[in-house]
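Going down the list, the sequences are from chains U, D and F.
Mapping of the first sequence onto my numbering: residues 1 to 208, in sequence order.
Mapping of the second sequence onto my numbering: residues 209 to 416, in sequence order.
Mapping of the third sequence onto my numbering: residues 417 to 624, in sequence order.
The hints are simulated quantities; they were obtained by calculation from the structure and are not laboratory data.
Keep in mind it's a predicted model, so treat the numbers as computed, not measured.
Cβ coordinates follow ideal geometry from the N, Cα and C atoms, glycine included.
A portion of the hints provided could be inaccurate.
Said to hold, decoys possible - Over 10 angstroms on every C-beta distance to chain F, these chain D residues come out as not near it, computed from the model:
id: 1; residue: D255
id: 2; residue: G263
id: 3; residue: E272
id: 4; residue: E281
id: 5; residue: R283
id: 6; residue: E288
id: 7; residue: V289
id: 8; residue: E303
id: 9; residue: K335
id: 10; residue: I342
id: 11; residue: R354
id: 12; residue: A386
id: 13; residue: A391
id: 14; residue: E412
Stated by the list, open to error - In silico DSS-like pairs for lysine-lysine, Cα to Cα no more than 30 angstroms straight-line:
id: 15; chain 1: D; residue 1: K291; chain 2: U; residue 2: K87
id: 16; chain 1: F; residue 1: K462; chain 2: F; residue 2: K605
id: 17; chain 1: F; residue 1: K514; chain 2: U; residue 2: K114
id: 18; chain 1: D; residue 1: K306; chain 2: D; residue 2: K335
id: 19; chain 1: F; residue 1: K503; chain 2: F; residue 2: K577
id: 20; chain 1: U; residue 1: K44; chain 2: D; residue 2: K402
id: 21; chain 1: U; residue 1: K194; chain 2: D; residue 2: K319
id: 22; chain 1: D; residue 1: K402; chain 2: F; residue 2: K462
id: 23; chain 1: D; residue 1: K397; chain 2: F; residue 2: K527
id: 24; chain 1: U; residue 1: K98; chain 2: D; residue 2: K252
id: 25; chain 1: U; residue 1: K98; chain 2: U; residue 2: K44
id: 26; chain 1: U; residue 1: K161; chain 2: D; residue 2: K397
id: 27; chain 1: U; residue 1: K194; chain 2: D; residue 2: K291
id: 28; chain 1: F; residue 1: K530; chain 2: F; residue 2: K605
id: 29; chain 1: D; residue 1: K402; chain 2: F; residue 2: K577
id: 30; chain 1: F; residue 1: K460; chain 2: U; residue 2: K114
id: 31; chain 1: D; residue 1: K295; chain 2: F; residue 2: K460
id: 32; chain 1: D; residue 1: K291; chain 2: U; residue 2: K127
Unchecked claim - Covered by chain D, according to a simulated footprint, are these stretches of chain F (three or more residues, beta-carbon under 8 angstroms):
id: 33; stretch: 519–530
id: 34; stretch: 536–545
id: 35; stretch: 589–595
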Amino acid sequence: MRFIRCFDGLWANLGFEVVFVKVVIVTGTPGAGKTTVLNGAIEKLKDRYEIINYGDEMFRIASERKLVQHRDEMRKLSPEVQKDIQKLAAESIAERSKEISVIVDTHSTIKTPKGYLPGLPIWVIEKLNPDQIILVEADPDEIIIRRLKDATRERDAEYIKDVEEHQLINRATAMAYAIQTGATVKLIKNHDGKLEEAVEEMEEVLRD
Amino acid sequence: MRFIRCFDGLWANLGFEVVFVKVVIVTGTPGAGKTTVLNGAIEKLKDRYEIINYGDEMFRIASERKLVQHRDEMRKLSPEVQKDIQKLAAESIAERSKEISVIVDTHSTIKTPKGYLPGLPIWVIEKLNPDQIILVEADPDEIIIRRLKDATRERDAEYIKDVEEHQLINRATAMAYAIQTGATVKLIKNHDGKLEEAVEEMEEVLRD
Amino acid sequence: MRFIRCFDGLWANLGFEVVFVKVVIVTGTPGAGKTTVLNGAIEKLKDRYEIINYGDEMFRIASERKLVQHRDEMRKLSPEVQKDIQKLAAESIAERSKEISVIVDTHSTIKTPKGYLPGLPIWVIEKLNPDQIILVEADPDEIIIRRLKDATRERDAEYIKDVEEHQLINRATAMAYAIQTGATVKLIKNHDGKLEEAVEEMEEVLRD
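Isolated chain U, as found in the complex (with noise of 0.2 angstroms):
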C-alpha cells in the first residue's frame, strides 16, 4: 500500500491504490468553538485523520530533549530555541502528513501583552505547507458570553470590540498564510444555537 499526497484519482488508473493525503490547518479565537466543532465533524472521518495539537508537539519535542519538564517552561526557553522547536515540531507533523492527512489544531495569531504573535511565521507554513485553512468564528457578543460561562454579566462594547478586532487579525494573517502555499482558507461561522450547521461545514470542507 502507497501513500500519495494529491487530490484527484489520476494516479488511481496507474493501478496504485490511491489514499488522498492532506494538511488541513483549524484555528479559532478561544470561545469560538474550534474543539467542539472541530470534535463533531471528525466523528464520520475518524479513520482519514489525526488531529495534532502544535502546541502539544512543540511540548513532545522539548521534553524529549529534556529542555523543559512542564508545559509553563516553554515560554522561558530563549526565542532562539523556541523558533527551533517550531520548526522541529513542523518537520515532524510534515513528516507525518506523508502517511496519513493530518489535521494541525492551532492558532492563526495569538493575543499576547506585546501584541498579535502569528502562530505560524513563514519558517512553520512553509514547512506544514497547508492545503487548506480552516477559522472557526462566531460573532464577538457571543463569543464573549462563551467565554464568561456565565450570561448575566453585561456585554462590553469595548470588548466587543477587542474580539472583533481579533477575529479580523486572524482573518487577514491567515490569508497571508494562504499565499505562501496556496491553501484555501474556510471560514466557518459557529453560531449559538446552530452547532450542527458548522459541524456539517467543516464536515463538508475536510471530506476528500
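Here the structure of chain U is known, so what remains is to put chains D and F in place on it, guided by the hints.
Just chains D and F now, kept in the frame of chain U:
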C-alpha cells in the same frame, strides 16, 4: 528600439528610446464591474497595454500541451499539474511584459466550496512581479443587485455580509501580494451611476 | 561587554553581561499621533533605544552617494535605485541594532495616487527582521480633526471611510510583515484626551 522596464526618464538622457513597461494586476469580485471599468479606462491607452486574462492564458498553455480540450477540464487536473501550468502562465506573461505593458485580468481570491483560494500564490506573484495591483470594488448591496440582474429580489442581509467578507479578504490578500513585490494597491470604487468616475480613476492609475 | 540579541536571561547564567537588543517598528497613519505617543513612551527608556526614521536614513544614504541634494529629489530616482537605497538603509539599521535596540519610525503603507504602497516590502522586512511592530491608531473622526487642526470643519463621511480603509489596510499589511519575521503586532489606540494611556501602553510594549 529597446524597451526598458522603468518608471522615469533617466535612461532617456542616455539616448535610448525608452518605453516604460509595467505589469498591472486588475482584480474585482464578480459584480464589482471590473471588466466594464477596465474597458472604459483602456480606450485611451490601447497602444500602451496588452490585456491578458490569467485563466485564458492557463487554458492556452494546457491546450497546447494536450492536457485538456475544454476549459472545464482544467480543474480536474492534479494540483501539481495545475501548479505547473500556473507557473508557465506567469512566466509567459512576464516574458510578454518585456515588450509591452501588460494588464493581467484575474482575481485576488476565488470563493470556492473549500474556502477562499488565493489567485496569485507566491510562485505566481513572484514571477509576475507586478508594479501595480488594482481592486475594483462596489458596495455589497450594489454587487448583489448586479449579480441578480433583477432589482426586484430583496437584498438579503446574510448575502450582503458574504460579499462584504469576500471584499475584505480580497484587500488583505492584495496587501500580502504587494509586500512580495513592492506593488501599490489601488482600491477603485465603482458605485452605481458613477462608472465614469471609476473609469477616470483607473485611467489615472494606468497612465504613465 | 557583549551585546546579545535575545529576550531572556539564559545567557546571563553563563557569565556574559547581557544587553537585550531588539528591533521595533513603529507606524501610524498621519494624525494618529505616532510621534507624540512615541516621544512620551521613550522618555523613561532613552538609554535603551535609538530612534531611526526610515525616510531620514534613506535620504542620508542617497546624499552620501551624491545621488540627491534635497529630500524631494528622492522620489525622482529610478525605482531600481530607490530599491537599492531602501536595502542599504535596512542593512544599516540592522547593523546598528547589533549594538543597541532600535525603534524604526516608518509607515505600514503610504497612501499614494497610485494606491497603497507597502512601506516595508519583503527585501526590507527580511533585513530589518523586527521583533515587534506597533501600530498607533485612532478613530477616523479623531484623525480627521487632528489633520485639519481646525475642529470647525464638518466631519466628512466619505473622508471618514477613507481613513478607516487606510487603517484597515495598515493592519492587514502589518500581519503580512509579521509572518515573515515572527514579530508581534500591537495596536495602540491613541484616543482624544487619553494620550497618557497610549503612552503607558507603548512603554509597556517597549520595556524589556
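Against the structure, the hints:
1. With a least CB separation of 21 angstroms from chain F, D255(D) remains clear of the 10 angstroms interface cut-off, as annotated.
2. The non-interface label for G263(D) is consistent with chain F: the shortest C-beta to C-beta separation is roughly 24 angstroms, beyond 10 angstroms.
3. The claim that E272(D) lies off the interface holds: its Cβ sits roughly 33 angstroms from the closest Cβ of chain F, which is beyond the 10 angstroms cut-off.
4. The beta carbon of E281(D) sits about 34 angstroms from the closest Cβ of chain F, which is more than 10 angstroms, so the claim that it is off the interface holds.
5. Non-interface call for R283(D) relative to chain F: holds, since the shortest CB-CB distance, roughly 28 angstroms, exceeds 10 angstroms.
6. Even its closest Cβ contact with chain F, about 25 angstroms, leaves E288(D) beyond 10 angstroms, as expected for a residue assigned away from the interface.
7. With a closest Cβ-Cβ approach of about 28 angstroms to chain F, V289(D) is found to remain outside the 10 angstroms limit, as its non-interface label requires.
8. The beta carbon of E303(D) is kept farther than 10 angstroms from every beta carbon of chain F, the shortest such distance being approximately 20 angstroms.
9. Once the 10 angstroms rule is applied to beta carbons, K335(D) is consistent with being away from chain F; the minimum gap is 14 angstroms.
10. Listed as a non-interface residue, I342(D) fails to keep its Cβ farther than 10 angstroms from every Cβ of chain F; the least gap is roughly 7 angstroms.
11. The Cβ of R354(D) lies farther than 10 angstroms from every Cβ of chain F, with a closest approach of about 21 angstroms, so its non-interface assignment holds.
12. Under the 10 angstroms C-beta cut-off, the non-interface status given to A386(D) relative to chain F is violated; the minimum distance is some 5 angstroms.
13. Not every C-beta of chain F lies more than 10 angstroms from that of A391(D), the closest at about 8 angstroms, which undercuts listing it as non-interface.
14. Look at E412(D): its CB is around 7 angstroms from the nearest CB on chain F, not clear of 10 angstroms, so calling it non-interface is violated.
15. Under the criterion of a C-alpha separation no larger than 30 angstroms, the hint pairing K291(D) with K87(U) is consistent with the structure, at around 26 angstroms.
16. A distance of roughly 22 angstroms separates the Cα atoms of K462(F) and K605(F); the hinted pair therefore holds under the 30 angstroms criterion.
17. Between the alpha carbons of K514(F) and K114(U) the distance comes to roughly 21 angstroms, so the proposed pair stays at or under 30 angstroms and holds.
18. Pair hint K306(D) plus K335(D) holds up; C-alpha atoms about 13 angstroms apart against a cutoff of 30 angstroms.
19. Distance check on the hinted pair: K503(F) and K577(F) sit about 34 angstroms apart at the alpha-carbon level, beyond 30 angstroms; violated.
20. Straight-line distance between C-alpha atoms of K44(U) and K402(D) comes to about 51 angstroms, which puts the hinted pair past the 30 angstroms bound.
21. For the hint pairing K194(U) with K319(D), the CA-to-CA distance comes to about 23 angstroms; that is within 30 angstroms, so the pair holds.
22. This hinted pair does not check out: K402(D) and K462(F) have alpha carbons roughly 53 angstroms apart, beyond 30 angstroms.
23. With a C-alpha separation of about 16 angstroms, the suggested pair K397(D) and K527(F) falls inside the 30 angstroms cut-off, and the hint holds.
24. The hinted pair formed by K98(U) and K252(D) fails the criterion: a straight-line CA distance of about 54 angstroms is larger than 30 angstroms.
25. Using a Cα cut-off of 30 angstroms, the hinted pair K98(U) and K44(U) holds, with the two alpha carbons roughly 21 angstroms apart.
26. Taking the CA atoms of K161(U) and K397(D), the gap is near 27 angstroms; set against the 30 angstroms cutoff, the hint holds.
27. With a C-alpha separation of about 37 angstroms, the suggested pairing of K194(U) with K291(D) is violated against the 30 angstroms cut-off.
28. With a C-alpha separation of about 28 angstroms, the suggested pair K530(F) and K605(F) falls inside the 30 angstroms cut-off, and the hint holds.
29. Taking the CA atoms of K402(D) and K577(F), the gap is about 18 angstroms. The hint holds against a cut of 30 angstroms.
30. Of the pairs offered as hints, the one joining K460(F) and K114(U) holds, with about 18 angstroms between alpha carbons and a cut-off of 30 angstroms not exceeded.
31. Proximity of K295(D) to K460(F) is assessed by CA-CA distance (about 52 angstroms); at most 30 angstroms being required, the pair is judged violated.
32. Taking the CA atoms of K291(D) and K127(U), the gap is near 18 angstroms; set against the 30 angstroms cutoff, the hint holds.
33. With 4 residues having a beta carbon nearer than 8 angstroms to a beta carbon of chain D, the stretch 519–530 of chain F meets the requirement of three or more and the stated coverage holds.
34. Three residues within the 8 angstroms Cβ limit are the bar, and the stretch 536–545 of chain F against chain D gives 5, so the coverage statement holds.
35. Only when three residues or more bring their CB closer than 8 angstroms to a CB of chain D does the claim for the stretch 589–595 of chain F stand; here the count is 4, and the claim holds.
Comparing the model with each numbered hint stated earlier shows that hints 10, 12, 13, 14, 19, 20, 22, 24, 27 and 31 do not hold.
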